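Novice: Letter by letter, the chains look like this.
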Amino acid sequence: MKARTSVPYIFWMAIFVVAPLILVLIYAFSSKNGAPTFDNFRMMADYGPIFTRSFLLAFFATIICLIIGYPLAYVLSRQDHRYQPFFVMLIMLPMWMNFLLRTYAWMSILENNGFLNRFLATVGLPPVSIINTPSAVLLGMVYNYLPFMVLPVYNVLIKIDVKLIEAAQDLGANRRTVFRRVIFPLSFPGVLSGVTMVFVPAVSTFIISTMLGGGKYMMVGDLIEKQFVGAAYNPHLGSAISLFMMLIIIICMSVMNRFDSNSGEEVILP
Amino acid sequence: MKARTSVPYIFWMAIFVVAPLILVLIYAFSSKNGAPTFDNFRMMADYGPIFTRSFLLAFFATIICLIIGYPLAYVLSRQDHRYQPFFVMLIMLPMWMNFLLRTYAWMSILENNGFLNRFLATVGLPPVSIINTPSAVLLGMVYNYLPFMVLPVYNVLIKIDVKLIEAAQDLGANRRTVFRRVIFPLSFPGVLSGVTMVFVPAVSTFIISTMLGGGKYMMVGDLIEKQFVGAAYNPHLGSAISLFMMLIIIICMSVMNRFDSNSGEEVILP
Amino acid sequence: MSEHLIRLENVVKEFGGKRILNSINLTVKDKEFLTLLGPSGCGKTTTLRIIGGFETPDSGVVYFEDQNYNSVPPYKRRVNTIFQKYALFTHLNVYENIAFGLRIQKKPEDEIKNRVCEMLRLVNLEGYEKRSVSRLSGGEQQRVAIARAVINHPQVLLLDEPLGALDLKLRKEMQVELKDIQKKLGITFVYVTHDQEEALTMSDKIIVMNKGTILQCGTPLDIYNEPQNAFVADFIGESNILPGVMIGDYKAVFAGRDFECSDFGFLPDENVDVVIRPEDLKIVSGDAAQLQGVVRSIVFKGVHYEMMVETEGFTFMIHSTLCEPVGTTVGLYIQPFDIHIMHKA
Amino acid sequence: MSEHLIRLENVVKEFGGKRILNSINLTVKDKEFLTLLGPSGCGKTTTLRIIGGFETPDSGVVYFEDQNYNSVPPYKRRVNTIFQKYALFTHLNVYENIAFGLRIQKKPEDEIKNRVCEMLRLVNLEGYEKRSVSRLSGGEQQRVAIARAVINHPQVLLLDEPLGALDLKLRKEMQVELKDIQKKLGITFVYVTHDQEEALTMSDKIIVMNKGTILQCGTPLDIYNEPQNAFVADFIGESNILPGVMIGDYKAVFAGRDFECSDFGFLPDENVDVVIRPEDLKIVSGDAAQLQGVVRSIVFKGVHYEMMVETEGFTFMIHSTLCEPVGTTVGLYIQPFDIHIMHKA
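Chains C, F, L and Z supply the protein sequences, listed in that same order.
Take the first sequence: its letter number 71 is residue 87 in the working numbering, and every next letter is one higher.
Take the second sequence: its letter number 32 is residue 48 in the working numbering, and every next letter is one higher.
Take the third sequence: its letter number 195 is residue 368 in the working numbering, and every next letter is one higher.
Take the fourth sequence: its letter number 269 is residue 442 in the working numbering, and every next letter is one higher.
Hints are not guaranteed to be accurate.
Said to hold, decoys possible - The calculated EDC-like cross-link candidates involving lysine to aspartate or glutamate, where the alpha carbons are at most 16 angstroms apart (straight line), are:
| # | chain 1 | residue 1 | chain 2 | residue 2 |
| --- | --- | --- | --- | --- |
| 1 | L | K474 | Z | E346 |
| 2 | L | K204 | L | D368 |
| 3 | Z | K342 | L | D377 |
| 4 | Z | K474 | L | E346 |
| 5 | Z | K424 | Z | D436 |
| 6 | Z | K204 | Z | E182 |
| 7 | L | K345 | Z | D436 |
| 8 | L | K356 | L | E452 |
| 9 | Z | K474 | L | E452 |
| 10 | Z | K345 | L | D407 |
| 11 | Z | K356 | Z | E205 |
| 12 | Z | K378 | Z | E205 |
| 13 | L | K424 | L | D436 |
| 14 | L | K342 | L | D377 |
| 15 | L | K249 | F | D55 |
| 16 | L | K474 | Z | E399 |
| 17 | L | K342 | Z | E370 |
| 18 | L | K474 | Z | E370 |
| 19 | L | K342 | Z | E411 |
| 20 | Z | K345 | L | E205 |
| 21 | Z | K357 | Z | E411 |
| 22 | L | K204 | L | E176 |
| 23 | Z | K345 | L | D368 |
| 24 | L | K378 | L | E269 |
Note that these hints are calculated values from the structure, not bench results.
Just so it is clear, the structure is predicted and the values come from calculations on it, not from any experiment.
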């Protein structure tokens, strides 16, 4: 396809992609009767605690995913090559299962007389009360988004040239030093990508909090949902909130990206 | 981390990943009072039309995404390298916006007195009635999943060695033949990956049909949702349906994968 | 038909404002083995790509049999190329790679089969039909690339450092095989390399390039024995290059004394480059010696020793089958016709 | 301390059931330049990796200064390696790549700075400190790899085909530089290559390997002039190898007649390989000729011509600075000490 015929094509595609975005802009900056206004954004201030909670929960979920997911990806990448596809498939398995089902399963495990407490009782331990706490919401988020952390890190780790590790050993680095000075810095782009892929959906997640938090810990995703399909129907406010979230996410991502492209030169570990 | 210390770690992770899956299995094969049964699967027969509709809609959405997305990815990959990141970002932009918002935007465009018809009226064309038809649902799905088709195809296309294209030209192939005999076959893994990434979420999508189809064209995703959070609360049936869908998806994926690994040797175009 | 199959006339090419080719003029005769020789970045590959049609000259004309071919796309030229890293189609097996050109011409299946088999015989790859090209060794990939290019019966075969990825032993074998194939098929070869030994061994004609300019064009013998400047002399083989002055016809002064030589026609007292091949410096004793020097180092090179001999004013590299221990003083003699005088670049 | 820095005793290594090393015995002296030479897959790189500690022998022992080092990990050996494709750390700049070894030893910052600068001077890369290694040319990467390995003052430097990725001209320059560095620093070098010219030029001692076995070990001169079998003779330089029979001490029959030679001690009428270097066949006229042959082809090689001369029973490759036209009949003469007789492998 020649350059001159491709330009109109790109143009039409841009309209298809961008038109709904423009609509969102219009909604966000207009009131219910169509008049231009900033009220929708002013109203967002009322929901400050929900934003704070969403960001905090997403932040902690990302950290936990990183703490669990990085070693998992690392261990996976060290396994016999024949078994690796099996383990990767195992980790991806839940992703092919309906999101609601996954969350529901955790609900029944964590319930006060759920599977976990029944198991603890069998082995003679006191029951735990997790359901309807922020911990349960966090657990659900980590479970749902862990694969998005493991896969990019794993993909970067398996591509690290063994020769680089041998070169580091050769220069006097023991296992720990090799990891700290070579493997981790080289896997950093994977970590960035994993962090993005977990944080972005986690910050606007919905239903998880309803199901595992007992509705007590509303998150931005739930708030937006309510504006479009729920009781609080107000697409103008919903658009404004979404736009605000999108802005924040884009800012975070571009900061991340700058960090990444510089990493080759400037990221020096202590 | 040594192999012997990593085994228990993998073991614990496997429990974390697999435990909810086992629970799903138990749910799927038990009745409300906990007795083992196959009733849940038998009940699925009643929802035959929903399954058929979901698969058909997902199938057509995938085909349309391929027809629109492949040329888009191709055109993108031919642009000046400096502009490519901008176009890619443009295509990914909607993905950072809340899923509900994207769908709502289309709802307001397609509504009988929505933006599209108002635009048509302005330029003197008769109004179209798309909202609450399967076409609207399809459009929503294509819009939502198009980036998942474009990105993997684009990623494969930009990695094709220019030398291979020159070699084909050198051997007498004009632009069309180069595309048919070299570029397309080499991009095939990207197409497979795109098809998978569109079809899998599309087949179990929910809310889109409610919002754009007016609730008349219920899909499997909606059906499952109703079993967990909706009016028809029945997690046992929901688990059975999810399990069934997961099975079908895994079968599709492994067929696809086999196809891919053989492609080097056996995919010969006419 | 002109006696020249290909002719480049004042061809200029720039990339991003940098001039890569600087008014190139060259001709290729039918059935000739022409080599473009030069260091990396000298423009030899760009010249080849212009002949193949992958680049269009910014100015100047490419003629094929006296027709202007500037705007003829690669797929309409009866020219095939063997690319530097072979550029085999990874999605096709050996058979389909070789058959590619014929399939595009929509030849009947049995003709394709016959000609592919013939090619497999030519390059000694019988039985490799079903193999995946990515599982072949470097040498085998090289052979597939040859077969794929040659099956179309091109008038001209362009080869872009085709042996660069092979190891020494294999490279020498393939030199002989390529030359054989050229003779057997009677195709014109245009060959690009930075390896002077390859160029000398295989070519009918060598064009030495540097910095986008042609420095010399001639037979291997011409180029080796009569290099036109110090760069060619140095590039085409190891050389001692030292400054000198022509004090008259057949009379040069260098390394602190005057020598008889076979060159003439220079300006009076012109500053020149004097080039002497290491194998042309003879170690002699007694009065025959023109220079006296001290052996500073010896390296055994197999066929000969390489000695560095320090004379007053210049340290010569000498190749000899005999060796004198480090530290001894030796006499050196150079025959007049082994002294090559060149204008300063 | 023993006179041997490194000693390998009956070292055996298998990969996936395939025996790569077949009871290797070798010794490396302090400050020696030892080259492991052989075709690809001969086990030379595996031997190097065992010395470096990257592989453990399946049986046999590796001694460093008479201590068993079999289970000493690479980071505890005073050995550094220059890897085949350099294996530079892409996440670090030139300075940090070179400083890597010192940082691990937690040297003070000013010592690191001094020593890195010294290294940059040694390899001629001053001013490259802040560059990203992925933007360097092959030759520059090579230099960074040398500096990175040498900064730790290793006792032994292992080099795995370090020049393989460079082009001819640069390869020759780096050969000289590496040899200089070795002399300057007084480090033991163990060098792996498949290039016989490299091996001859640089080494104090060469070990020729094939199929996991050591075929010959000696100085370049020994290996070139007294190859112990036809494989070594062929690998170390171009050779005419033909079958013959020893009819007695100093008497060999080949190419249809009997020759005087300098070998003895064979069984009566033993079948042997006769090896004659192409430069040792002299073209003579008249009665001096031992063989008569017809010139079949001539290739100009620069320093000499390569002619194929067909005699009764064998076609000889001859290197000569003179050339006889194709088709002429020439007489050949071989001096007794240029005829090398070898037991059949």
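Novice: Checking one constraint from the list: CA of L/K474 to CA of Z/E370, max 16 angstroms. Satisfied?
Specialist: 7 angstroms, holds
Novice: Can the restraint linking Z/K424 and Z/D436 be considered satisfied, given a maximum Cα separation of 16 angstroms?
Specialist: With Cα atoms ~8 angstroms apart, Z/K424 and Z/D436 stay inside 16 angstroms; holds.
Novice: Need the status of pair L/K474, Z/E346: alpha-carbon distance at most 16 angstroms?
Specialist: Answer holds: L/K474 to Z/E346 is near 15 angstroms, not above 16 angstroms.
Novice: Mind checking the alpha carbons of Z/K474 and L/E346 for me, to see if they're no more than 16 angstroms apart?
Specialist: 15 angstroms, holds
Novice: Is the hinted pair L/K424 and L/D436 satisfied, with a Cα-Cα distance of at most 16 angstroms?
Specialist: Cα-Cα ~8 angstroms, so holds.
Novice: Is the straight-line distance between the alpha-carbon of Z/K357 and that of Z/E411 16 angstroms or less?
Specialist: Measuring from Cα to Cα gives roughly 34 angstroms; hence the hint is violated.
Novice: Just to be careful, I want the Cα atoms of L/K378 and L/E269 compared with a cutoff of 16 angstroms; is the pair within it?
Specialist: Outside the cut-off at roughly 35 angstroms; violated.
Novice: Quickly compare the C-alpha distance for Z/K345 and L/E205 to 16 angstroms and report which way the hint goes.
Specialist: 31 angstroms, violated
Novice: Is it true that the CA of Z/K345 sits at most 16 angstroms from the CA of L/D368?
Specialist: Status holds; Cα separation ~12 angstroms.
Novice: Between the alpha carbons of L/K474 and Z/E399, is the straight-line distance 16 angstroms or under?
Specialist: Holds - the C-alpha atoms of Z/E399 and L/K474 are around 15 angstroms apart, at most 16 angstroms.
Novice: Just to be careful, I want the Cα atoms of L/K249 and F/D55 compared with a cutoff of 16 angstroms; is the pair within it?
Specialist: Status violated; Cα separation ~68 angstroms.
Novice: Is Z/K474 close enough to L/E452, meaning Cα to Cα at most 16 angstroms?
Specialist: 14 angstroms, holds
The earlier numbered hints that this structure contradicts are 2, 3, 6, 7, 8, 14, 15, 20, 21 and 24.
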